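Chains E, D, B, G and Z: place on chain R using the hints.
Number of protein chains: 6
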Amino acid sequence: MIKQTELNTLSKNDKIDHFLLIRRIDLRSTKSGSDFLSTELGDKTASLNANIWEGFAELAARGKVGDVVKVEGTVEEYQGSLQIRVSSVRLATEGDGVYPRDFLPESKRNLNEMKNEFNQRIRSVSNRLLKKLLTQIFKEERFEQFCLAPAGKSWHHAYIHGLLEHTLEIIKICELMCEFHSDLNRDLLISGAMLHDIGKIEELSYDSAFDYTDKGKLVGHIVIASNLVWDEIKKIPDFPVELENNLIHLILSHQGKLEHASPVIPKTAEAIALYQADELSAKVNAYKNAVESELKADSNWTRFIPLADTDLHKFNFTDRSEEKSKKSLFD
Amino acid sequence: MIKQTELNTLSKNDKIDHFLLIRRIDLRSTKSGSDFLSTELGDKTASLNANIWEGFAELAARGKVGDVVKVEGTVEEYQGSLQIRVSSVRLATEGDGVYPRDFLPESKRNLNEMKNEFNQRIRSVSNRLLKKLLTQIFKEERFEQFCLAPAGKSWHHAYIHGLLEHTLEIIKICELMCEFHSDLNRDLLISGAMLHDIGKIEELSYDSAFDYTDKGKLVGHIVIASNLVWDEIKKIPDFPVELENNLIHLILSHQGKLEHASPVIPKTAEAIALYQADELSAKVNAYKNAVESELKADSNWTRFIPLADTDLHKFNFTDRSEEKSKKSLFD
Amino acid sequence: MIKQTELNTLSKNDKIDHFLLIRRIDLRSTKSGSDFLSTELGDKTASLNANIWEGFAELAARGKVGDVVKVEGTVEEYQGSLQIRVSSVRLATEGDGVYPRDFLPESKRNLNEMKNEFNQRIRSVSNRLLKKLLTQIFKEERFEQFCLAPAGKSWHHAYIHGLLEHTLEIIKICELMCEFHSDLNRDLLISGAMLHDIGKIEELSYDSAFDYTDKGKLVGHIVIASNLVWDEIKKIPDFPVELENNLIHLILSHQGKLEHASPVIPKTAEAIALYQADELSAKVNAYKNAVESELKADSNWTRFIPLADTDLHKFNFTDRSEEKSKKSLFD
Amino acid sequence: MIKQTELNTLSKNDKIDHFLLIRRIDLRSTKSGSDFLSTELGDKTASLNANIWEGFAELAARGKVGDVVKVEGTVEEYQGSLQIRVSSVRLATEGDGVYPRDFLPESKRNLNEMKNEFNQRIRSVSNRLLKKLLTQIFKEERFEQFCLAPAGKSWHHAYIHGLLEHTLEIIKICELMCEFHSDLNRDLLISGAMLHDIGKIEELSYDSAFDYTDKGKLVGHIVIASNLVWDEIKKIPDFPVELENNLIHLILSHQGKLEHASPVIPKTAEAIALYQADELSAKVNAYKNAVESELKADSNWTRFIPLADTDLHKFNFTDRSEEKSKKSLFD
Amino acid sequence: MIKQTELNTLSKNDKIDHFLLIRRIDLRSTKSGSDFLSTELGDKTASLNANIWEGFAELAARGKVGDVVKVEGTVEEYQGSLQIRVSSVRLATEGDGVYPRDFLPESKRNLNEMKNEFNQRIRSVSNRLLKKLLTQIFKEERFEQFCLAPAGKSWHHAYIHGLLEHTLEIIKICELMCEFHSDLNRDLLISGAMLHDIGKIEELSYDSAFDYTDKGKLVGHIVIASNLVWDEIKKIPDFPVELENNLIHLILSHQGKLEHASPVIPKTAEAIALYQADELSAKVNAYKNAVESELKADSNWTRFIPLADTDLHKFNFTDRSEEKSKKSLFD
Amino acid sequence: MIKQTELNTLSKNDKIDHFLLIRRIDLRSTKSGSDFLSTELGDKTASLNANIWEGFAELAARGKVGDVVKVEGTVEEYQGSLQIRVSSVRLATEGDGVYPRDFLPESKRNLNEMKNEFNQRIRSVSNRLLKKLLTQIFKEERFEQFCLAPAGKSWHHAYIHGLLEHTLEIIKICELMCEFHSDLNRDLLISGAMLHDIGKIEELSYDSAFDYTDKGKLVGHIVIASNLVWDEIKKIPDFPVELENNLIHLILSHQGKLEHASPVIPKTAEAIALYQADELSAKVNAYKNAVESELKADSNWTRFIPLADTDLHKFNFTDRSEEKSKKSLFD
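Going down the list, the sequences are from chains R, E, D, B, G and Z. Counted the way numbering that gives the first Met the number 0 counts, the first sequence spans residues 0 to 330. Counted the way numbering that gives the first Met the number 0 counts, the second sequence spans residues 0 to 330. Counted the way numbering that gives the first Met the number 0 counts, the third sequence spans residues 0 to 330. Counted the way numbering that gives the first Met the number 0 counts, the fourth sequence spans residues 0 to 330. Counted the way numbering that gives the first Met the number 0 counts, the fifth sequence spans residues 0 to 330. Counted the way numbering that gives the first Met the number 0 counts, the sixth sequence spans residues 0 to 330.
Incorrect hints may appear among the rest.
In this list, chains with the same sequence are indistinguishable; a pair is considered to hold if it fits within one copy or across any two.
Stated by the list, open to error - Cut-off 27 Å, straight-line C-alpha distance, at most; resulting in silico cross-link-like pairs (DSS-like, lysine-lysine): (1) LYS130 with LYS233; (2) LYS131 with LYS313; (3) LYS138 with LYS114; (4) LYS256 with LYS216; (5) LYS313 with LYS214; (6) LYS313 with LYS130; (7) LYS152 with LYS295; (8) LYS216 with LYS313; (9) LYS256 with LYS214; (10) LYS234 with LYS214; (11) LYS295 with LYS256; (12) LYS2 with LYS14; (13) LYS214 with LYS233; (14) LYS152 with LYS63; (15) LYS295 with LYS214; (16) LYS295 with LYS216; (17) LYS234 with LYS131; (18) LYS130 with LYS216; (19) LYS313 with LYS295; (20) LYS295 with LYS63.
Hints are computed from structural coordinates only; laboratory data are not their basis. Owing to the predicted nature of the structure, the values given are computational and were not obtained by experimental measurement.
Next up, chain R with everything else stripped away, as it sits in the complex (with noise of 0.2 Å):
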């Protein structure tokens, strides 16, 4: 991993030497003529407008979104947003030894830490059938793409390590309702917790961005998930029809509705608790995401969340109360 300052610590008039990734790059000209260099820089934790004016040359013409560069300048204000004034840019070589991925952003949770948690989950399986599909199916190659994989592109979870996380919560919540409810099937719920977005793996891209993939769109992630996870049952001899049929409809009614893509709906007391699980892991982390990055300046308002459906409100009470007398309300 590089060594540079995070861009989200940065301030105006600081230094910039850094490896950036491309995130937007426009070749634009203004009225009297000139030819300027339009783009988007950023590494995991922010994002900074930069116009380029000389010596861009080869950067517009093999410079692409999802490249590395790396840049010279300064920190600038412009109508209240803080960009970069280069002074000098080059597209990063091979010898730099620095990679798209690294610029993207990355859960907060430690990676092992979760991997410790998922594993200990699969061992808590008690049935021989499912622990040997979840053990097949979580390995090598597999497994590891899973801990790298966003769970999304942009509303939830939308990081790297994002679908581990994602999935943690998801199956600790229905640990929960097994201990509410001790008729529910807690091998069964708990292994379609741990399969049910696997298909995500395949239906989005993270190396240098993150998005949908060919496959993504025809297809999407819950078939994925279903051919995998039949692929996978093939191969144990004697796996019950009703075992099977029971677990893939876990996988393909987790989005509760047809009109979100479900190809079924629930039908299983463990089916709703998985779609219900993962509406509420899924709706939380967006909405505090969306209530910490999209606030309007000076204010305790998000704009216009569209997939809220309204702006949302960060209700910061002790914060201020604290300016004044937290004391007399707090203690």
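Using the frame of chain R, we list chains E, D, B, G and Z on its own:
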């Protein structure tokens, strides 16, 4: 096949000496406390109510929906409807050589003619890999199941051989669309048309009645089909991933809308053609059947048909004009 | 409490000498002109049909749904269902010491344990003002009502103490979400969870049956709750307006969507957490109960459940595998 | 009130020596690097763009939307629209005696006439308790707020005194419905009409622009109103609970549908009358205003109006026929 | 008109010697095998069940819904409802001078008064062409049909003269809107109000019951009306195309939404006024009637009303307070 | 017709000496204050941007969208797109003999061939009255309009002769359905297919651009068509009312759903066939065109297409496989 007069040709006072399928069977008792068997019995052309007042001990104990019985009696009229007055009844035995499936409704088209038309279309596919895939899939027992199955439980083409009849209609509609648009990929579209509903051979049961299987309810014919096709594709070396994704996409998107249980919506010109061809074939068949079979007495209107969201009208202008003076009108 | 065998443990030919609640009562007459009382009678575990042919003059004149009767008779079977053959019946009197509420279904969880868990959560709130508000609200008669009420008329937690059980589940789910997201305001969220359904103590009646009150139908539990909370906030000097608005917002938005009768949709991270936790608790409870109580005879499928928009499937793989050789499967 | 020519009466080349309200203010810079202030300035009749190229240091530092400025300059035309060429500008001071609210659009109806009509309707209520309640609520500062507030942010009656104008229209429509149906409870209906939107005085801010308050977004005017009315009812001894429930029901259900943010739908004849009267008053006002103010140049059609889901047409047959020969057409 | 006591004034044991309309007629048989006629018979005020056990041969053979019978018998009570015990019955003959239409429910308003009000409004139209058009359309037999027809089959104004009563209400509401908005085109709006539902005279049949005609179901009153108006416009030379388009638009868009079967949505201020006025008149009439006629026994709530999507509440506060001490409440 | 190279065949640096249609024209000014004309100019194959910096006085004063100009200049590239560098420009004059319609896109099918196919279908109708009606309607100027008009503004068959091409496709699809179902009334169905969209000749304008007329927006092509057909039916004595109602029903219901602006939904087998045939023809045409014309650079995916609610994918497997080794794949 058994030889006996078809039910829909009988009238009041005709003798009954028939094998018939049990479509409903309830043990009831009159206010005065005597038990009787209330049943609905039918062949492939019709069903009639029959109350059995005596000699039903064996039938009450062992008979169930989908069994065949031998019935003797008379056709009588009650409250404006025909029913059977039963003089004797017994469960059919092996020696009778009758099978429940012989009592299910079936397509009016000739089976061999349909099979020939279908196989001719397989041969017409010019892409070597798709032709191989189709040949692999439509063979032996699976092809026989495909030719036997209905296309639905009750709405459209809901009769033996209905799936084959429906698939052929779609193929022909798609061929017409290829005439209009030479840039549609005919091989892909025809292959998709052939495969789109093949999952129905596992989604439905049609031994003695048309119903959904457990797998049909928990998984659904769309995902069943995609898994079957993937399994067969894996047996073909070098099957191009683009072709695979696009063929699977045709299957997954053929119901056209998420709320119709397709997990992806049509995203190619071929996919929209298949969806609309399916709609056309299904809806016209369904409306035509409803207009014939659901007319209210002395009316050109049917009862309210929930799937059409209206009552339907039978336009039979020709018939009535003929009674007067057909010549003046159609000459 | 009365001591008598519970209805759901009785079989054909068992004697009945029970106090039972009238759940339906109609005076009918046979074709031959004689009158009889058609009733449904039950205790907290089950309900049975009972036709009363003699000695029902007083009951016909004065008995109504929700009254308790003393019945003597026998359990008999009719068309596959158990019913009561009544030899004598009378309305219960004060001296019998029986109360309609004793015949309503109730939570399987221990009441005192639930009360302790609930009060422990009030103590865990660190914000002084919210703790004061909760203490004011959950006390004396109102707390007893809260602990007694069902959470619904029939769909989920529809039994005595159901509101308390449901609220506790939501609290625990919200606590788990606070573990995932330390920046959620735990005090606000837990307070909202406790208060969100308190309006149900006025929306529902549950003396002798579960039903909506006039106020419940004309106003609804959401607005009843917000008014109650506002009334109690007004008694606390200097309750900050931001805290008030955000707490009321949690109550108003907890059904998540306008079409679910919330007058505002969730606009804070806490509000979305509460809504999704409520959904999770309610839906899993409802599906679990339906899967148990609505199974069709000889089937792993229930009748069609309108609120789930499907029939539901009972996955009881373990049980059946045990019959054969559980060991080979789960070891 | 300030005395100055109204903006909507000015033409190209007219002098500007006006106090105007800042409706938009952005610091921008040209490609050549010089800064300028891009603003939109207006009075109650119109708004014009004004780019300020010099002498804007104080304004850029301290001016914000909702402030009043003193501007000198000329009206000029740019790309077919009028704008202000500014020669000098300064922020208004206390000594100028001008207030932002004086620059907001206001109702064309006479305020005192509307107040008289409204008070006359309070007196016309014959039920003693309702009249007492109305008198309690519509008095002093709250009545002044009610008479000042707009009925919406932008869609209908979105101007000072708009809430009063809108409420009066609904009252008159309801009175007409009482003429048609003598069995409607006039006292209840008129009281509901008066109170239904009173929550808007807290939902909206209208000091220097029309916008939603935090409470407006988190709680909404419907629940604000119900709480206010309940508070006042509690001050009236023996207010019958049926009357209370029905009056609150009118307020809660007045938007008619759950998806319009009413937590209950209309369940009484009075409630449906109030909802439909509100729709009638609101929609006609909104369409009429849109047809006037949103016409495209040289067209009888407006731009697309999202809330109407269409572009709107101005029917001005009379005008055009008059130009030719009005007589022949209307005589 | 026949002179006989109205059905809704009769009580148990009253004599029946009435002409009544057959609203339902079924030949049934008892378990013991004897036939009887089950009928529903009514006049314009009510309908009662009547089982006829003897002397019904002619009636069973020739009687049908919509025929008038002469019945003698007594009013009796059965399971809490009144019914007719028939001693003799015969089909009415020409000589009886009774007509099915005399037994249909009709408006409570005076017909001549309504006709006068309507004609006065035609005279009030100042545009020469529109007045000519209205005069052409509302004359002779068509005007009589218009004054006779109901406005619907069952939901609102579903009684003889209902279309006229409903149209008059809308006219008056529109006139009030013109008072609020002098820039609405009164002539256009009033003409549209008069014509909007005229297609109902062909959409509905109302000779002996209210039902849809074939044309009503296949075409609908909206398009019937537009065609009728166009036909009459063609007879007026120089009718301006703009006026024609706008008047037709009022008719086509008066149901306000595509899903309510309007082929265009309102695009002018007049069109939105007409739609909302129609809604107001229709809904209040429908709810008022439902609240009166659909109340459950001993309840202030009706059964569930599908078109209102709720059960409805009757607020009759005054009545009950009067029983106690009206004075203290309303003085 | 003018003779000039088609725009879509030109490349960078090619000379322009063309008549072109103005598709957009705006007077703009640079920051430095100089005015220029920003235009979009095109022929039937493509449109290019052109900024005109000098000699545009006459054009700025009198030119408008839909006018033809004579342009000299060169093709140049700007930001990756071709545009026109204009050296001189003037409005076309009568003497130039060019007409705006010559610059509109048109069907790729041969016009006379289509006319012949259409007239052949009129002759194939065997019902004398329907054939008479069709002959009356499709003649002289109206037939020319019908053959000239596009079938839509932009979505499907949106080019000159598009309405004829679309109608022919539907006719052929309906003929195929009649092959499947001999009990469909072919005469009725083909007549309905021919007439269903004829209202588009008045709904759309297509002289110099495709747009809606006032009548198109206020009335719509469905009702325009029904009125036209009724007018012509009235000229045919003894046209049976059932035939009239069913034919009008086909026209009115051909958009299949109320929310698609059909005032009635399909209620006959013929009506559902026409609706589904229309959908099939329209959707495949629209998707095919979008897949061709809306591809993003270097992508097999289009931009997001709102009417398809997705981005669309171009499957061009053949082309790419050909580049490598077509033989191995298609032989």
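Going down the list of hints, with the structure as the test:
For the identical chains of this complex, LYS130 and LYS233 are neighbours both inside a copy (15 Å) and across copies (26 Å), given an alpha-carbon limit of 27 Å. When the C-alpha separation of LYS131 and LYS313 is checked against a cutoff of 27 Å, the pair qualifies only between copies, where the shortest distance is 24 Å, while the shortest distance within a copy is 45 Å. Taking the shortest Cα distances, LYS138 and LYS114 sit within 27 Å of each other inside one copy (12 Å), while across copies they are farther apart (46 Å). Taking identical chains as interchangeable, the C-alpha atoms of LYS256 and LYS216 lie at most 27 Å apart whether they share a chain (19 Å) or sit on different chains (15 Å).
In this assembly of identical chains, the alpha carbons of LYS313 and LYS214 lie at most 27 Å apart only when taken from different copies (14 Å versus 38 Å within one copy). Proximity of LYS313 to LYS130 under the C-alpha cut-off of 27 Å is restricted to the inter-copy arrangement: shortest distance 22 Å between copies versus 43 Å within a copy. Both within a single protomer and between protomers do LYS152 and LYS295 lie at most 27 Å apart by alpha-carbon distance, with minima of 23 Å and 20 Å respectively. In the homo-oligomer, the alpha carbons of LYS216 and LYS313 lie at most 27 Å apart only across protomers (13 Å), although the nearest pairing inside one protomer, at 34 Å, exceeds that limit.
In the homo-oligomer, the alpha carbons of LYS256 and LYS214 lie at most 27 Å apart both inside one protomer (22 Å) and across protomers (19 Å), since each shortest distance falls under that limit. Proximity of LYS234 to LYS214 under the C-alpha cut-off of 27 Å is found in both arrangements, the shortest distances being 24 Å within a copy and 20 Å between copies. In this assembly of identical chains, the alpha carbons of LYS295 and LYS256 lie at most 27 Å apart only when taken from different copies (25 Å versus 33 Å within one copy). Taking the shortest Cα distances, LYS2 and LYS14 sit within 27 Å of each other inside one copy (15 Å), while across copies they are farther apart (55 Å).
For a Cα distance limit of 27 Å, the shortest separation of LYS214 from LYS233 qualifies both inside one copy, at 23 Å, and across copies, at 16 Å. With identical chains, the CA atoms of LYS152 and LYS63 are at most 27 Å apart within one copy only, with a shortest distance of 19 Å there and 37 Å across copies. Taking identical chains as interchangeable, the C-alpha atoms of LYS295 and LYS214 lie at most 27 Å apart only when they sit on different chains, with a minimum of 18 Å there against 37 Å within one chain. For a Cα distance limit of 27 Å, the shortest separation of LYS295 from LYS216 across copies, 16 Å, qualifies, whereas the shortest one inside one copy, 33 Å, does not.
In this homomeric assembly, LYS234 and LYS131 come within 27 Å of each other (Cα to Cα) both inside a single copy, at 10 Å, and across copies, at 25 Å. Taking CA atoms no more than 27 Å apart as the test, LYS130 paired with LYS216 passes between copies only; the shortest distance there is 26 Å, against 31 Å inside one copy. For the homomeric pair LYS313 and LYS295, the shortest alpha-carbon distance inside one copy (11 Å) is at most 27 Å, but the shortest distance between copies (38 Å) is not. When the C-alpha separation of LYS295 and LYS63 is checked against a cutoff of 27 Å, the pair qualifies only between copies, where the shortest distance is 15 Å, while the shortest distance within a copy is 31 Å.
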